Amino acid sequence: MSEMMTNAKHTVMQAVTNKKFLIIIFLLTLFIALAFWVYTTYIAPKLNPEYKDNKEFIGDGGEDAVTNANIYAFYTDWCPHCKTNIISADSGWKKTMDKYNGQKINGVTVTFVEVNGEKEDSTLQNFESDHSVNITGFPTIYLVKGNSVIEFDSDITQDNLTNFLNTAL
280 MSEMMTNAKH TVMQAVTNKK FLIIIFLLTL FIALAFWVYT TYIAPKLNPE YKDNKEFIGD
340 GGEDAVTNAN IYAFYTDWCP HCKTNIISAD SGWKKTMDKY NGQKINGVTV TFVEVNGEKE
400 DSTLQNFESD HSVNITGFPT IYLVKGNSVI EFDSDITQDN LTNFLNTAL
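The sequence shown maps to residues 280 to 448 in this note's numbering.
By construction, these hints were calculated from the structure, which means they are not laboratory data.
Keep in mind it's a predicted model, so treat the numbers as computed, not measured.
Be aware that a few hints might be false.
Pairs of lysine to any residue, SDA-like flavour, derived with a Cα cap of 20 Å [unchecked claim]:
1) K299 x M283
2) K383 x D434
3) K383 x N439
4) K378 x N445
5) K378 x V295
6) K373 x C358
7) K362 x E397
8) K362 x K374
9) K362 x T388
10) K378 x I366
11) K383 x A447
12) K424 x N380
13) K373 x D434
14) K378 x L403
15) K424 x Y379
16) K374 x N439
17) K383 x I429
18) K424 x E393
19) K424 x F443
20) K378 x G396
21) K383 x F443
22) K378 x Q437
23) K424 x K362
24) K383 x I414
25) K373 x T390
26) K383 x E397
27) K424 x K398
28) K373 x F431
Can you make the complete structure from the sequences, with help from the hints?
Encoded structure:
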């Protein structure tokens, strides 16, 4: 048994003193260190990206840096849907406006604007030309944030408007 230990010890000593063996060990260590650095620097951050709740595009100071938004309700006095959904004091629009007008939602200050399509025809036409939209029916609601113009296309309830604002801002 001792002869076997002596032979093993002699073989290990030969390998350690051999220049080829030392170069291979050095290069292997260097390669492993380089692979570890590449993994921690480039690969690991992409495996667990930071979660961003409901934001498809996170910009670097462009449109996402907008701090004010206007939500417009276009209506007329004669329209039954406008009377129920915009003009009435207990409408979803009025309740949402009372709760959020001038408040910040996701860091954006929201201003509610009501435009009577008959009495304020010039305001309506300016809005259409400024934002390249065509308002053909009432009530119509648009959110303007920076260069984005988003039409609200759902039942005008407080819950729907709140979800719309939280999602779009």
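Verification of the supplied hints:
no.: 1; hint: K299 x M283; result: violated, 25 Å
no.: 2; hint: K383 x D434; result: violated, 23 Å
no.: 3; hint: K383 x N439; result: holds, 18 Å
no.: 4; hint: K378 x N445; result: holds, 13 Å
no.: 5; hint: K378 x V295; result: violated, 78 Å
no.: 6; hint: K373 x C358; result: holds, 17 Å
no.: 7; hint: K362 x E397; result: holds, 14 Å
no.: 8; hint: K362 x K374; result: holds, 14 Å
no.: 9; hint: K362 x T388; result: violated, 27 Å
no.: 10; hint: K378 x I366; result: holds, 16 Å
no.: 11; hint: K383 x A447; result: holds, 13 Å
no.: 12; hint: K424 x N380; result: holds, 15 Å
no.: 13; hint: K373 x D434; result: holds, 14 Å
no.: 14; hint: K378 x L403; result: violated, 25 Å
no.: 15; hint: K424 x Y379; result: holds, 16 Å
no.: 16; hint: K374 x N439; result: holds, 12 Å
no.: 17; hint: K383 x I429; result: holds, 18 Å
no.: 18; hint: K424 x E393; result: holds, 16 Å
no.: 19; hint: K424 x F443; result: holds, 13 Å
no.: 20; hint: K378 x G396; result: violated, 24 Å
no.: 21; hint: K383 x F443; result: holds, 14 Å
no.: 22; hint: K378 x Q437; result: holds, 10 Å
no.: 23; hint: K424 x K362; result: violated, 27 Å
no.: 24; hint: K383 x I414; result: violated, 27 Å
no.: 25; hint: K373 x T390; result: holds, 13 Å
no.: 26; hint: K383 x E397; result: violated, 31 Å
no.: 27; hint: K424 x K398; result: violated, 25 Å
no.: 28; hint: K373 x F431; result: holds, 15 Å
Of the hints listed earlier, those the structure fails to meet are numbers 1, 2, 5, 9, 14, 20, 23, 24, 26 and 27, in rising order.
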